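Q: Quick note, the sequences are listed as chains L and E, same order. Residues in the first sequence are numbered from 1 upward in steps of one, following my numbering. Residues in the second sequence are numbered from 207 upward in steps of one, following my numbering.
One thing to keep in mind: the hints can contain errors.
[What the hints assert, rightly or not] Heads up, incomplete: computed chain E residues facing chain L, CB under 7 Å, no partners named:
1) Thr216
2) Phe221
3) Leu228
4) Asn235
5) Gly279
6) Tyr281
7) Leu283
8) Leu286
9) Ile288
[As the list claims (entries may be wrong)] Selected chain E positions facing chain L (in silico; Cβ < 8 Å):
10) Leu212
11) Tyr217
12) Leu225
13) Leu226
14) Thr231
15) Val245
16) Met291
Worth flagging that the hints you see were computed from the coordinates, not collected in a lab. None of the values given here were measured: they were computed from a predicted structure. Ideal placement from N, C-alpha and C gives every residue a C-beta, glycine not left out.
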Amino acid sequence: MVAHQFDDAAQQREASTLGMWVFLATEIMFFGGLFAAYTAYRYKYPVGFAEASRHLDLLLGGINTAVLLTSSLTMALAVRSAQVGKRAQIVGFLVLTMLLGLAFLGIKAYEYHEKFAHHLVPGASFAFGGMHAREAKMFFYLYFAMTGLHAIHMLAGVAVVFYMTVAAARGKFTPGYYNPLEVTGLYWHFVDIIWIFLYPLLYLIA
Amino acid sequence: MTDHVLPVKTYVAVFFALLLLLAATVTVNRLHLGEFGVVAALTIAVIKTILVVLFFMHVRSSSRLVWIFVGVGFYWLMILLILTMSDFVSRTWPPFSGGPL
């Protein structure tokens, strides 16, 4: 399974890993713009951000962090199963990864619903008591932009993992060739890292 | 580049370390440390990131070229954040009036 432009399987694997890291570098800058906006506005509105942050559900956010960390473990074990050539294990771990990803999105959807119900979504029905409504509105703009972009990445991740599950079940991956699975893992862990920062920055200000 | 197959127990150990660090983040938040709280939370997040990158993302056993690409990604992010914030932070400074300009 070595394409003709490569000398051997190791060089091919190196090339795909490197290519994925180039993509992830662009992703760091994609999210980086939002993190820069967040930093600037938190610096400008420290009190408003702290007040708004209290309206987020610390427990649900924490559970979601644990769910994502667990999904990273199952993803890493799926890649390992490919390295040692255990096809059934790859499929099992990938299915677990997908289920955990969907659980994350389910909890996120519930949180979004709560925000809608409590008039915390920036827009015509936005209502926030106290002196810092404008500042709090900026916090929620950033909250929805950052977690929304992250959720879109999770959706894409679940779709790719599903595709990989089908490929693994058909026996496409062997200890000598598992590059697609390896780079899918890199993407999944990257999305996990974004959440590792989003959780303390959005939920744990107060 | 040879393949390094990490033992399952390494992955599980990293996973439990990550969960412990998550508990640490929540605990630090409960202590209400003010300004220091942000620094502590970000430090913990960076440690978690290093664990994920080195072990789950296999960078520990990757080539030097991959290390450079990973480093460059974070370096650019630092340029973005530091240059942006050096503007916002210095806006409130009093104007400089002692020089020839």
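Q: Broken hints, numbered, in rising order?
A: 1, 6, 9, 13, 15
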